[in-house]
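Student: Sequence:
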Amino acid sequence: ARKAKELKIPVFTTTLTVSPLKNSAKIFAAGKESAKKTGLEFLDEDFKKKDGYKKSIELAKKWGIYRQDFCGCEFSLRGRF
3 ARKAKELKIP VFTTTLTVSP LKNSAKIFAA GKESAKKTGL EFLDEDFKKK
53 DGYKKSIELA KKWGIYRQDF CGCEFSLRGR F
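Numbering follows this note's numbering, in which position 68 of the sequence shown is assigned residue number 70; successive positions increment by one, without gaps.
There may be inaccurate statements among the hints.
Dumping the calculated DMTMM-like pairs for lysine to aspartate or glutamate here, alpha-carbon to alpha-carbon at most 20 Å [stated by the list, open to error]:
id, residue 1, residue 2
1, K28, E43
2, K5, E43
3, K28, D46
4, K24, E76
5, K5, E47
6, K7, D46
7, K24, D46
8, K5, D46
9, K57, D46
10, K10, E43
11, K64, D53
12, K63, D53
13, K7, E35
14, K24, D53
15, K28, E47
No lab work stands behind these hints: they were computed from the structure.
Kindly generate the complete structure, drawing on both the sequences and the hints.
Tutor: In C-alpha cells form, the structure reads like this:
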C-alpha cells in the first residue's frame, strides 16, 4: 500500500491469495486495513479460485519463471536448512 501510494497508484492487491495454504479472509482484512490507512483501494481478489494455483504453476513452467516451493515465512523455513 505504501509503495502504491508513493507511485500514485489508487488500487493495490497481493498475489498471496494464490496459495492454497493462505487464509484469504485474513489477507483481505490486512489489505483493507492498509487501504484505510493510506486512502487507497484494496482489490480483494482470491487468485486461488478457478484453478488459479494450478494455472500459476503452468504459466511459470511455460515462461521459465522460478517458483520456490515454500513461502519464505519462518514457519515454512523450519527444518529446511
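Student: Hint by hint, say whether it matches the structure.
Tutor: The hints, checked one at a time:
no.	hint	in the structure
1	K28 - E43	holds, 17 Å
2	K5 - E43	holds, 13 Å
3	K28 - D46	holds, 11 Å
4	K24 - E76	holds, 14 Å
5	K5 - E47	holds, 19 Å
6	K7 - D46	holds, 17 Å
7	K24 - D46	holds, 14 Å
8	K5 - D46	holds, 17 Å
9	K57 - D46	holds, 19 Å
10	K10 - E43	holds, 12 Å
11	K64 - D53	holds, 16 Å
12	K63 - D53	holds, 16 Å
13	K7 - E35	holds, 14 Å
14	K24 - D53	holds, 15 Å
15	K28 - E47	holds, 13 Å
When held up to the earlier numbered hints, the structure conflicts with none and fits them all.
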